[in-house]
Structure formats: C-alpha cells, structure tokens
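Given these sequences and hints, build the entire structure.
Protein sequences, first through last, are from chains S and P.
Residues in the first sequence are numbered from 1 upward in steps of one, following my numbering.
Residues in the second sequence are numbered from 1 upward in steps of one, following my numbering.
Each hint should be verified, as a subset may be incorrect.
Just so you know, same-sequence chains aren't split out, so a pair can sit in one copy or run between any two.
Here are the simulated SDA-like pairs of lysine to any residue, each with C-alpha atoms no more than 25 Å apart in a straight line [claimed, not checked]:
no. : residue 1 : residue 2
1   : Lys-89    : Ser-2
2   : Lys-399   : Gln-371
3   : Lys-3     : Phe-248
4   : Lys-4     : Lys-14
5   : Lys-429   : Gln-165
6   : Lys-3     : Lys-96
7   : Lys-193   : Glu-351
For the record, the hints were derived by calculation from the structure and aren't laboratory data.
There are 2 protein chains.
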Amino acid sequence: MSKKFYLHEDRMPKSYYNILADLPVPLPPVLHPGTRQPVGPADLEPLFPMDLIMQEVSTERYIEIPERVREAYRIFRPSPLIRATGLEKALGTPAKIYYKYEGVSPTGSHKPNTAIPQAYYNALAGVKKLTTETGAGQWGSALSFAGAMFGLEVDVFMVRVSYEQKPYRKAMIETFGGSVTPSPSTRTKAGRKILAEDPDSPGSLGIAISEAVEAAVQSPDTKYSLGSVLNHVLMHQTIIGNEALLQFDDAGDYPEIVIGCTGGGSNFAGFIFPFLGERLRGGRSVRVIAVEPAACPSLTKGVYAYDFGDTVQLTPLVKMHTLGSSFIPPAIHSGGLRYHGMAPIVSHLKELNLLEARAEQQLDCFAAGVQFSRTEGIIPAPEATHAIKAAIDEALVCKETGESKVIAFNLCGHGYFDMQSYMNYFAGKIDNMDYPEELINKALVDIPAV
Amino acid sequence: MSKKFYLHEDRMPKSYYNILADLPVPLPPVLHPGTRQPVGPADLEPLFPMDLIMQEVSTERYIEIPERVREAYRIFRPSPLIRATGLEKALGTPAKIYYKYEGVSPTGSHKPNTAIPQAYYNALAGVKKLTTETGAGQWGSALSFAGAMFGLEVDVFMVRVSYEQKPYRKAMIETFGGSVTPSPSTRTKAGRKILAEDPDSPGSLGIAISEAVEAAVQSPDTKYSLGSVLNHVLMHQTIIGNEALLQFDDAGDYPEIVIGCTGGGSNFAGFIFPFLGERLRGGRSVRVIAVEPAACPSLTKGVYAYDFGDTVQLTPLVKMHTLGSSFIPPAIHSGGLRYHGMAPIVSHLKELNLLEARAEQQLDCFAAGVQFSRTEGIIPAPEATHAIKAAIDEALVCKETGESKVIAFNLCGHGYFDMQSYMNYFAGKIDNMDYPEELINKALVDIPAV
Chain S
1 MSKKFYLHED RMPKSYYNIL ADLPVPLPPV LHPGTRQPVG PADLEPLFPM
51 DLIMQEVSTE RYIEIPERVR EAYRIFRPSP LIRATGLEKA LGTPAKIYYK
101 YEGVSPTGSH KPNTAIPQAY YNALAGVKKL TTETGAGQWG SALSFAGAMF
151 GLEVDVFMVR VSYEQKPYRK AMIETFGGSV TPSPSTRTKA GRKILAEDPD
201 SPGSLGIAIS EAVEAAVQSP DTKYSLGSVL NHVLMHQTII GNEALLQFDD
251 AGDYPEIVIG CTGGGSNFAG FIFPFLGERL RGGRSVRVIA VEPAACPSLT
301 KGVYAYDFGD TVQLTPLVKM HTLGSSFIPP AIHSGGLRYH GMAPIVSHLK
351 ELNLLEARAE QQLDCFAAGV QFSRTEGIIP APEATHAIKA AIDEALVCKE
401 TGESKVIAFN LCGHGYFDMQ SYMNYFAGKI DNMDYPEELI NKALVDIPAV
Chain P
1 MSKKFYLHED RMPKSYYNIL ADLPVPLPPV LHPGTRQPVG PADLEPLFPM
51 DLIMQEVSTE RYIEIPERVR EAYRIFRPSP LIRATGLEKA LGTPAKIYYK
101 YEGVSPTGSH KPNTAIPQAY YNALAGVKKL TTETGAGQWG SALSFAGAMF
151 GLEVDVFMVR VSYEQKPYRK AMIETFGGSV TPSPSTRTKA GRKILAEDPD
201 SPGSLGIAIS EAVEAAVQSP DTKYSLGSVL NHVLMHQTII GNEALLQFDD
251 AGDYPEIVIG CTGGGSNFAG FIFPFLGERL RGGRSVRVIA VEPAACPSLT
301 KGVYAYDFGD TVQLTPLVKM HTLGSSFIPP AIHSGGLRYH GMAPIVSHLK
351 ELNLLEARAE QQLDCFAAGV QFSRTEGIIP APEATHAIKA AIDEALVCKE
401 TGESKVIAFN LCGHGYFDMQ SYMNYFAGKI DNMDYPEELI NKALVDIPAV
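If you want it as structure tokens, here you go:
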C-alpha cells in the first residue's frame, strides 16, 4: 500500500480551472466604490496588468498555464498527495484520510501558486516592480520568491507589529531578494496620515494595503499584487486540486468529503473547486467543508452583503460574507485566517448551499495539529490545523458508523515559522477565543447600504 | 527535461551499505579508555542494544532494513534528487549540478535516517527510554520524532546556551513528545559537578554527552543514542546514497564529483559511501570532496590519532582526525559542523587518499546559500551551504574548461530554523573565522599518547 502519491512533473496539469464557467447562478458584479456601478477592466488597469484583469472576469472553464510559469512551478510542484496512515491508525478509524501537502513550496505554503503567475504576467507587461502588503509574512515571502524568478523588484509593506515580532519571515523575504518596509511608514500619504494621528501605530493589514496600493499607482512601471480573495488568485490555486484529481486516479480512490480552512479563501478554493466542478458538471458527488476560526467567523456568522475589501474603505465593493471592514479580528495564532471578509466566489457557493461551513476553537485545532505531527511527521501551520480538526472529526464519525469513507483535506502549509505558537500551546498560554459578538455587531454597522 | 527525480516508495532500497566490507585496509580498532585494548561488544552493552552493537562491528556489505523501519521511512523517503537547473543557468556553467534533498524529513535534516532504526532496535530490545544530547537541536528533534514512532520516551540533554537561545528546536522536540533538560543540570553527578564549579555554565556538547550517558546507565530499561560518528550511524545514512544511485539511473547520468559537508561525518558518509563503494569494487570512478568549516578544520588541519569522542574524556578511544577533545570550536553558524573530531571511517578514507578535503569560510558559504535560495527556491541550512560552495566552485571550473561534468552534492537540511543566521548575514554581522591556530595547538597537546 502506498502512502505518498507523487505526480511526475510531465503530468503536471497544463491549465487552471475556472469555476465561474460552471456556476448555476452567476457571481454578483464588483461595484465601483464611488459610482456603485459595476467596474470594467479599465478601472483596474492602474493596479493590475491586463492579462490578470482578463483572468479576473473570464468565464472560460480552463485557462492555460504558460510554459514559463510551469517551469517555475517545477521547482516544487506537483506537490504530494499523502495517505495519512499514521493518523488513521492512531484514531482507529475505518475512514481513509488523504492530504495534499502544499508545505513543500519554497516559502512553505500554497501562496507561491499565485505569486508565480502574477509575477510572470507583470513581467510580460513590462512591469519592473510589484508592491504588496503582508501580515505575518507568508504572502510577502511568496511574492519575493516569485519576483526573483522573473527579475522583478518586490516592495513589501509589512504590518509593523509583525515586522517587529516575526523577524524570520522578514529575513526570508530578504533572502529571496525582496525589500520590506514596516507599515505604517512615512513613504506614503496614507502612512503619514496614520502616523500623524498615532506615531506608535502597530499597523494593520488594511493600512498596509492602502500603502501598497498608493505606492503602486505612483509609478508607471509598478503594479500591485494581492494574495487571496480575487477570482484570478483563487483560480491560480486550482493547480492544487487539478493535481489531486490525477493523484486520486493513481490511488484508485475518490474523496467523498473534501475539507479546507478558510481565511480569504484561496487555499480552500484551490484544493476544492476542481472536485466541486466535477460535481457541478454532473460528476461524482462530494461533500465540501470550509473550516474557519471561531474568533473570525465570516462564513458562519457574517452577513452576505456588498462590502469593502480593506479597512480604510478604498477598494471596490464586493458581495461577500463579511464581519464588517472595520472589524479587527482577535489575535489568534492563525494569522492567515484573520480577515473580515471571504472571497466572493466562496461566499456565493455558500449562498447556493454548495458547501458547509463550520467554526473551530484554536485549542481544539492545536490539539489536532499535535496529534497530526506525532503520527504523520509534519508540524502543520496553525491555519492548516483547522482543516485537520475537521478531518479528524469526520474520521471519528466513520469510527462510530463503521463507514470507510474517503476524506481529503488541504494541508496548506508547515508550521516551522510558527513554533512560538506551539511553545505557547504547550506552556498553557493559549486560550480559546469566543465569537467576538460585540466587536462584530459594532463592525457590521459600517457595512454600506448598497 | 526533468528537474526532480522522485523514486516511488516501492523502489526504496531494502538494505544499508556497509563500506567496511570494501575497504582496502581495515579500520583501526576502537580502544577501551582504561585498558587501551580493543573493546568487545560486551563493553558497549550498557549503552546500546546488541543489534546496533553488531551493526557497529559488522563487515557484511549489505544490512537489511527492517520492514517497520521502512514503514517509518515512507513518511518522507525516498527523498528527491533534484537537478539544479536554476543554479546552473545563473552560473552559466556547462556542468550538470544535482542535489539530494534531505530537508523533506519531519525535522528538516538527514538525522531521522538513523534516529528511526536506532529507536526501532531499542524498542525491539525492550528499552523504554532513550537519552541523548543535542546542541542546536537537530539531533534531539529527530530522536524525539523517532521515539514517537516506536513508543519510546526520549530524554534530551540540550546545551544550556542553545536551550535559551534556540527555543524553537526545543518546541519541536516537545511537539513530537520528547522532553528537554538544559545541560548542565542537577539530574546527574556530571552536571552537578560542573554546576558546583560554575553555576552559570553555558554547557557544551561534551558535558551534555556525559549527562546523557550517565542518565542512561542509571536505569536498566534506558539506553543511550548518538547522532553521528559511529559506524552504524553512518551506515544508516547510506539510504541516501543508495536511493541516489537508483535516481541517477532514472536521470541517465552518473556523478563524476560527489560532495558533502562534514561535521561528525554522517550526512557526508550517507550520500557518498554507496558511490565510493562502487568505485572500490572496480566500478565507475568518482571524485569525492569533503567540505568543512575553516573554523573547525579537523580533516584539513587535525592530526590522525587515537582520541576521545567527548570533552570530558569518558568515551572509548577512536582513531580519527582530531583537533583535540578539549578544543571548543568558535561559534560559527553551522552548529552541526562544530565537532573536534571526525568519524573514524571518514578519517580512514582520508588517510587512504580516497577523498579530498577542503575548508571554507562562512561568509563565502552564506553567499553561496543565498544564490542557491534565489535560484532553487530552498533556503539551505548553514551546514549545507558548505557543500553548495564547493559545488559552485567545481561548476565554475567547468565553465572555464568548457567541460559538462556531472556534479552532485547532499543538501542535508533546510534553513527554516536558521533565519537568525541569515538575518545576521544580511545585516553584515557575520565575519569569517580564521583557523584558530592557537586554540587548536593548545588542544592538540591533550591528545593521549596511545
């Protein structure tokens, strides 16, 4: 019995999958923040190259992956599909558990899957520099690596509190050749405004986005890059699920339950959309589970409404599950899941009852992560432990019922840069964080009436 | 053209290679520290289970890998052989550069290759607990993981200064279920003696070895485990080179130059002995290069003599290249290469002119590591950058001569736990450390006359 399913690089999928082609109901349009009318491609041109804008609005089912992108992917892709035999044995479940492991990438998560094509299309358009924001640093390091592949400068605005508390991700960005500015900074009008009000501002993702956008539009050969939420970003991630479909063929199995953790939605979408697409086109049925943190429960507790993508309310309005753009999530250890909204496509699928969502507490997730480490030999990122928790729960249901279901989840990254979180967990310094009802109710008020 | 050569787990080698079977001159015997007579298996029984002792002295060419060890190996093995196309392109060399990547293991280095069989044979012998020492934590975390696989307690004495400065490796040991004691400790006579002399002692590997050995012999169901130097440890590592032989078959190539970094000698031996064995048995010729740090140059500047393995001079005497057991290497960033001696087999091969040794400065090695990161997408452990440096140098020689030689090196681990070193490098805070002639001359005096 094989444990690992490697796909030879010659069999790496040649196209992304675009779920917009198979939706039973079209996605609501993106609205201009000023006019509240649907935006057109030209509105986005100051920020993105036209190839990416066309991908954002395309309804073609398959979009070809350029050869130079495939060449860069071959550094780490295809990623393995692994049968969790050690975990199955420890649980005593008749279920078969599989996971797709994205921690093999240069920066240890799924983020390079979109950083690479974004850098490629920008380089193709003659762009010299990309600006972006990063919280804990996963996205900034991925874009920095991608920039090194295609000869682009990468200029990362990193939330100041993370810049100070998480210097190793900053070091990784620099190792790959990118530069890092703690945000808020004096480099932009937005940053100077915040600093004038609060010279000791710890920064936020919302502020860093404002600075990165402002820095991009200042220069004609500079564009902006985003690591989640947008349609084209989610589509780039479908390389994960497209590979997994082939790997399940090799394994002679097909998942009955697919699971992903959700922050902005990109790793979830990337793993799950190719399976869900088969179902939407009349193929095999699959149950889809999205797992989010109890402290930032956009899918399970948010409202479905038009809202801003950033805290300072500069972006276009998108229809999504949101906790309100002024909601600052509690400081849980899964930094990558601390976002007030959810990708419009994922939100839309929730409204169409095509996925189940559940929220988990971080103590339960860490316990699941430790059990996984000891049985499978990979220390997962705190974000990924949410998916592990749900997979274990479903496997334990199988133990009750005696069913040997096939359960699959996306292990979106390793936890080698999150050992402080594990130390806190072992020291008993991590608490559950309940649904922050009061904070959310306050933030929900700020959602614009559209 | 393929970049990565994965071996299907069904083709994972079924035996280790024992180079003692093919040596043109036998290895000098190990001597008892008291009698100065060759030790017998019974002398080692308080520390190791008999299966491992018999492996230590065996001259059989192939030793079978037990199925349960192979099952645990399948969590991460076979490891990939990767063609460094990005690095080749950046160097503009006609050489073909390959590397075997051991960073895919649960703890990010080659160390689990021996931790797993050591834990297995101890469990088979009814041992309940293993004690060991660790410096920066690579070995301690590997043995902790292996203990989790076979239900053994793992009790790690960690050099106090590392325990305080490198808490993340400690967290990894605990995540896998091991326990950690900062050394010197009050748990042992050796530790209490040191603390009585110096309550603020920062500890050393030599002291930690003494404590681990003492803790092991105190209890009948407890044994001791070592992560390098010994014959059986090097032999377990040959799974690396045995896999690489099959992978080079798949690639349709064969290395003309094989390179490894050397501290105690285990990753070097594991990658290189299977190739060297083919040469010794009349097979294809291969040039062998061992790369050590200029600050701890046992192979290039040490003497070949009987010496102790530990600083407190309790271990048996082995014939090796040594800088003297009282030599404390300068605090270079390659913690895994800071050992006063060299594995007896590697030393013996050097005396037989079967390998070339060279010493490199750490600034040059970091520069090579950064170039590798940006072109190959893997941030290497500082130890591994020594092998990269030599591979680049050989590839640049090929650029001069126009030869397209096949060069292969062992990338023994990733650098995700060494980002502080990279930060120091980028901040200009890393200096070269010259050959510490005065210190070594002082230590050489302590080598016993045998």
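Hints, verified against the model:
Only within a single protomer do Lys-89 and Ser-2 lie at most 25 Å apart by alpha-carbon distance; the minimum there is 15 Å, versus 36 Å between protomers. Only within a single protomer do Lys-399 and Gln-371 lie at most 25 Å apart by alpha-carbon distance; the minimum there is 17 Å, versus 50 Å between protomers. With identical chains, the CA atoms of Lys-3 and Phe-248 are at most 25 Å apart both within one copy (12 Å) and between copies (23 Å). In this assembly of identical chains, Lys-4 and Lys-14 lie within 25 Å of each other by CA distance both inside one copy and across copies; the values are 22 Å within and 18 Å between.
In this assembly of identical chains, the alpha carbons of Lys-429 and Gln-165 lie at most 25 Å apart whether taken from the same copy (17 Å) or from different copies (20 Å). Taking CA atoms no more than 25 Å apart as the test, Lys-3 paired with Lys-96 passes inside one copy only; the shortest distance there is 11 Å, against 31 Å between copies. Taking CA atoms no more than 25 Å apart as the test, Lys-193 paired with Glu-351 passes in neither setting, with 39 Å inside one copy and 69 Å between copies.
Going through the hint list in order, the structure does not satisfy hint 7, though it satisfies all others.
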